[in-house]
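S.K.: So the chains spell out like this:
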Amino acid sequence: MDLALHEKKIPIIKIHDFLIVSIQVDMHDKLAIQLQAQILEEIEKTGAKGVLIDISVLEMVDSFIGRMLSGMASMASIMDAAVVIVGMQPAVAITLVELGLEMPGVDTALNMEKGIEMLQERLDSEFI
Amino acid sequence: MDEITFDNNWEQLGKYPIQTEHDIVKVRQLVRHYAKEARMGIVEQTRVTTAVSELFRNMYNYAGGGEVLIERGVVESKRALIVTCLDEGPGIEDLELAMKDGYTSGMGMGYGLPGTKRLVDRFEIQTKVGKGTTVRIMKWR
Chain A
126 MDLALHEKKI PIIKIHDFLI VSIQVDMHDK LAIQLQAQIL EEIEKTGAKG VLIDISVLEM
186 VDSFIGRMLS GMASMASIMD AAVVIVGMQP AVAITLVELG LEMPGVDTAL NMEKGIEMLQ
246 ERLDSEFI
Chain B
2 MDEITFDNNW EQLGKYPIQT EHDIVKVRQL VRHYAKEARM GIVEQTRVTT AVSELFRNMY
62 NYAGGGEVLI ERGVVESKRA LIVTCLDEGP GIEDLELAMK DGYTSGMGMG YGLPGTKRLV
122 DRFEIQTKVG KGTTVRIMKW R
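From first to last, the protein sequence lines are chains A and B. Counting from 126, one number per residue, gives the positions in the first sequence under the working numbering. Counting from 2, one number per residue, gives the positions in the second sequence under the working numbering.
What the hints contain is simulated information worked out from the structure, not anything from laboratory work. A hint or two may mislead.
[As the list claims (entries may be wrong)] Mimicking DSS-like on lysine-lysine, the simulated pairs with C-alpha atoms at most 30 Å apart in a straight line are:
hint, chain 1, residue 1, chain 2, residue 2
1, A, K134, B, K37
2, A, K134, B, K101
3, A, K155, B, K79
4, B, K132, A, K155
5, A, K155, B, K118
6, A, K155, B, K37
7, A, K155, B, K101
[As the list claims (entries may be wrong)] If you want the footprint, here are the derived chain B segments under chain A, 3+ residues with CB under 8 Å:
hint, region
8, 91-102
9, 117-127
Keep in mind the model is a prediction, meaning the values are calculated, not measured. The C-beta atom is built at its ideal place from N, Cα and C for all residues, glycine as well.
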């Protein structure tokens, strides 16, 4: 079982000031928690100002993953990095709302390109 | 609360244990498979998969695991996918409170039952303190 956990470690890619994470597997809870810690460590290590999390492949987001994502957004913001969730499927969005799960502090974008623009604008405005 | 009964005319699609986090993932993927097979739309598939994921996690977190029965049958002349979650955990002391919306908020320590109920067409629950809980959901197609 431990082996399976390691096999599925989700890669984090750094491009300029941003970290890009693409979740390609149906995450079990430990993997989600592990990813959360991994991203925060990577923010610390690289000084990244933004994190883009692509969930376009995820067929469902239940309350656990939803809470993980919003928890990560607030932790990242304490570390001066913004989190944008990218590419949520319409069916997932509908289900999340019906489930009654609020994700305060979580910004979303339709796709990776829009997400990067969003973070870039935010970064630019900080220097004015 | 009505007794949860079983219908012998339902076709059993499988019985699976929920003992690990991997089981949660595996069995919810199976439920999606059957939802797809029943030609449910993508939103319906997502609803039922999310609903069972919540229920499986409850069993895993609060009851030390349990068993899932997946069936298909006809209920009130509607074709239904039926998922029953059985555990022998501590049971729910205040079911009325657990079914109240808002109970899930806060630290996420609630059972998430009201939200789960909204995602399905029928939701039945039976619980006995010290004995366990059975939750059954149905989705029409």
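S.K.: Does each hint hold? Answer for all of them.
M.R.: Going down the list of hints, with the structure as the test:
1. A C-alpha spacing of about 28 Å is found between K134 (chain A) and K37 (chain B), which places the hinted pair at or below 30 Å, so the restraint holds.
2. As the CA atoms of K134 (chain A) and K101 (chain B) are separated by approximately 37 Å, the hinted pair breaks the 30 Å bound.
3. For the hint linking K155 (chain A) to K79 (chain B), the alpha-carbon distance of about 38 Å lies beyond 30 Å, and the restraint is violated.
4. Only pairs whose Cα atoms come within 30 Å are accepted, and K132 (chain B) paired with K155 (chain A) is accepted, the gap being roughly 28 Å.
5. Simply put, K155 (chain A) and K118 (chain B) have alpha-carbon atoms about 26 Å apart, close enough for the 30 Å limit, and the pair holds.
6. Pair hint K155 (chain A) plus K37 (chain B) holds up; C-alpha atoms about 27 Å apart against a cutoff of 30 Å.
7. Among the hinted pairs, K155 (chain A) with K101 (chain B) is consistent with the structure: their alpha-carbon atoms are about 28 Å apart, no more than 30 Å.
8. For the region 91-102 of chain B, the stated coverage by chain A is violated: 1 residues have a C-beta nearer than 8 Å to a C-beta of that chain, whereas at least 3 were required.
9. Using a Cβ-Cβ cut-off of 8 Å, 3 residues of the region 117-127 of chain B lie near chain A, which meets the minimum of three, so the contact claim holds.
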